[in-house]
Amino acid sequence: MGFHTFDPENVERLTGAERFRFCSREELLEPLPREADAEILDIGSGIGFYTDELAPFVGRLHALDLQPAMHDHYRDRGVPDSVALETAAADALPYREDSLDGAVSTMTFHESTTDAAMAELARVLASGAPAVVVDWSRNGRGEAGP
Numbered sequence: 002m003g004f005h006t007f008d009p010e011n012v013e014r015l016t017g018a019e020r021f022r023f024c025s026r027e028e029l030l031e032p033l034p035r036e037a038d039a040e041i042l043d044i045g046s047g048i049g050f051y052t053d054e055l056a057p058f059v060g061r062l063h064a065l066d067l068q069p070a071m072h073d074h075y076r077d078r079g080v081p082d083s084v085a086l087e088t089a090a091a092d093a094l095p096y097r098e099d100s101l102d103g104a105v106s107t108m109t110f111h112e113s114t115t116d117a118a119m120a121e122l123a124r125v126l127a128s129g130a131p132a133v134v135v136d137w138s139r140n141g142r143g144e145a146g147p
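The sequence shown begins at 2 in the working numbering and counts up one residue at a time.
Hints in this document: simulated from the structure, not taken from any laboratory. Beta carbons: idealized from backbone N, C-alpha and C, even for Gly. Do not rely on the hints blindly, as some may be mistaken.
[To be verified] Quick list of simulated restraints, FRET-style, between CB atoms:
#1 Glu98 <-> Asp77: 33 to 41 Å
#2 Gly79 <-> Ala120: 31 to 39 Å
#3 Met119 <-> Glu87: 31 to 39 Å
#4 Asp77 <-> Thr115: 25 to 33 Å
Let's have the full structure, built from the sequences with the hints guiding it.
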């Protein structure tokens, strides 16, 4: 694995509405299917900031994070019924081939952008399913980046 992870002790940095300056709910939702049976994957869901924004609009949202501690923080805040908390690395996704109708990743995919992770995402997404990635570069510099 060897992925860099966010320190769960700093989760307060993940809760503020200022995060919408990077990406709005509408920007994430626009390419995604919104059918009642749509299954969407949120890669690097963390404490559920964007997951909560998407959950009311899709059938099932798989909140995937590498760190169980992030899910613990999310549980403390309250997880919507349509959200399934799942722990795995992006290069070993626990889903069947062609089983997901879309995927999103916000500010985390730079940590797992390997050939294996890309192949896994392609494997689990149904043909033509969108993948929405909002991120900065792995080596980017700045107050908000990695």
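Against the structure, the hints come out as follows:
1. Glu98 <-> Asp77: 33 to 41 Å: holds (34 Å)
2. Gly79 <-> Ala120: 31 to 39 Å: At roughly 34 Å between Cβ atoms, alanine 120 and glycine 79 fall inside 31 to 39 Å, so the hint holds.
3. Met119 <-> Glu87: 31 to 39 Å: About 19 Å separates the Cβ atoms of methionine 119 and glutamate 87, which means 31 to 39 Å is violated.
4. Asp77 <-> Thr115: 25 to 33 Å: For aspartate 77 and threonine 115 the Cβ distance comes to about 31 Å; the hint holds.
Figure legend: structure checked against the earlier numbered hints; the only hint not met is number 3.
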